[in-house]
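Student: Take a look at the letters that make up each chain.
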Amino acid sequence: MNFELDAVVIEENCRASALASRVVGGIPPSVQVSYVSDGRPAARSPANTRDPFGAGKRRMVVMRRRSPFLMGCPASSTQFACCGYLVLVLASNCPMDCSYCFLQEHLANNPGFQVFANYHDAFEELDRLASGSSGRAFRVGTGELADSLAFDSLTGISRDLVSYFSEHENLLLELKTKTDEIDNLLALEPRGRTLVSWSLSPMRVFATCEHRTAPPHARINAARRVLEAGYKVGFHLDPLIAYSDAEQDYLDLLDNVFDAVPPQAITFFSIGGLRMTPGLRTTARRRFPDDAMLLGEEVLGEDGRYRTFTPLRLRLFSKLRERIVKACSALPVYLCMETASVHHRVFGASPLTPAALGSRLAGR
Amino acid sequence: MNSVEVERQLLRWADAKALPAMYVEKWLVLDESSRTRLLEIAENLRMRTGQFITSFILLEEVAVRESQSIGEILARPRLRRVLNSAGSGPGRARALLDELRTLRYPRLRRASARLAEEVAAITAPPGIKIILPRDLASDEVRVEIVAHGSAELEELLAWLKAKSGEFVRLAAMLGGADSGLEFEDARTLAEPQAERANESARCAFQK
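Those sequence lines, one after another, are chains A and B.
Residue numbers for the first sequence follow numbering that gives the first Met the number 0, so the first one is 0 and each next one is one higher.
Residue numbers for the second sequence follow numbering that gives the first Met the number 0, so the first one is 0 and each next one is one higher.
One thing to keep in mind: the hints can contain errors.
As the list claims (entries may be wrong) - With a straight-line Cα cutoff of 25 Å, these simulated SDA-like cross-link-like pairs (lysine to any residue) come out:
{"id": "1", "chain 1": "B", "residue 1": "128", "chain 2": "B", "residue 2": "103"}
{"id": "2", "chain 1": "B", "residue 1": "128", "chain 2": "A", "residue 2": "318"}
{"id": "3", "chain 1": "A", "residue 1": "318", "chain 2": "B", "residue 2": "25"}
What the hints assert, rightly or not - Okay, the calculated bits of chain A under chain B, using three or more residues with CB under 8 Å as the criterion:
{"id": "4", "stretch": "270-278"}
{"id": "5", "stretch": "281-293"}
{"id": "6", "stretch": "304-310"}
None of these hints come from the bench; they were simulated from the model.
A virtual CB, placed ideally from N, CA and C, is assigned to each residue, including glycine.
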């Protein structure tokens, strides 16, 4: 995919890193490169810019991460039935620009597209996780605060990651993406320890909301190709947006997936309704005032987020679950950021604990 | 009124109602028909500032959802009927807001009406109150029992037991079952058939 950068800022102490060399060697000559002692100010929201978040996406900051790389999923909460997902923060922000993206609020003060040159330090954290787990398996993803594969042709991080995870039986790497940037992956041997997942939306959501992403058919095609190359694949129907023809469009989308990828070969589907805090909703509508998908029938829920009103949301969840189960009854499906009671209504059973579900998804 | 007069009158109304500058600016940049029709409702319905702002926001949102201008939306027969109806200005303003909410949240309105009918059909005795979640924002059905003494409580509990099937059905409807949200009907919620055909309102949310 062809993402554009205005500038690359590199921390002096990362100048000699392999990542900085790959980036400097891979960007077009027109992109300005500068070196600074501390990359953090460059990642902050610039003054006098009408759209600081959008501007941040075009400014790559290669820097050292000062905090731990590994953390619990920021979406997890005791009020939801969660999936036990762990997040490895190797980058922050993303060159694509989805109108509903939570990063618009989450990274409002820090919108620079940060890529962490010391990412090899993350392997020590993962070693500790893997060795201290007494047989438990973990699913660890890099696609929460960034897209896992956007700019991978430039950074090449996936090569080191896939190689590391291929040697750890109880760790599963999840590379979550809306791109079709899989060339690096196809040259690697994942040994069953890397799963590539795609967030999928119908064509109308893609065309309206998902700016600079790969179209749905390209994502599905990429999924088929990585599956053939030995990777596991999963899909996230998230955020599910309840526009008036959504039900049929999402069912058609599922049919398109099952036409290209055998359902038995899919590791999981996750489903999550569009949810927005009031702050995110305001920001998103300000940045995308003509996006009708941001003006659906959402109401303020008990958790302080706007979601599609309950009967409609649950109806859509149930319809999609039915179609997935019809395609393959053993294919795991879970809901993201929904309560146990909603889970029970949709699946007719109580959810597993996050640890149990996480381990199951990682081990399948 | 020509556009200069509309603008002058609009500014006079905004000033008298202390309309925040942000809304005045938004109003001024609308196309002429939208600007004029908005002034018409503000004046004719003697809207309060809050009512005007709410109407304006709802109209802006419906305009984006349905790819129409505010002027076109306000020209719809069902809204004209409210504007031209008898009654006090504030009463008609409330009715207009109600219509705008129905346009903005068509399926929510229909599901709420369907559930309210279901609750009414249960015909609960005075000691029992069935409470649905506000804006159907959760899947919780609350049943409140107010009883004075054990005999009354026993009677109400027996009534509840006898009606358990209807309560279960209500709970299922909150979960999306048979709540009037069937796919093929989803686009017909905002307008009666004939009216929609006349207006040829093309909803951006439709294929």
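Student: Hint by hint, note whether the structure agrees.
Tutor: Here is what the structure says about each hint:
Between residue 128 of chain B and residue 103 of chain B the alpha-carbon distance is near 29 Å, which puts this suggested pair outside the 25 Å criterion. For the suggested pair residue 128 of chain B and residue 318 of chain A, the alpha carbons sit about 32 Å apart, so the restraint of at most 25 Å is broken. Among the hinted pairs, residue 318 of chain A with residue 25 of chain B is inconsistent with the structure: their alpha-carbon atoms are about 41 Å apart, more than 25 Å. Counting residues of the stretch 270-278 of chain A whose CB lies closer than 8 Å to any CB of chain B gives 0, which falls below the minimum of 3, so the coverage claim is violated.
Counting residues of the stretch 281-293 of chain A whose beta carbon lies closer than 8 Å to any beta carbon of chain B gives 4, which reaches the threshold of three, so the coverage claim holds. Check on the stretch 304-310 of chain A: 4 of its residues sit with their Cβ under 8 Å from a Cβ of chain B, so the three-residue criterion for coverage holds.
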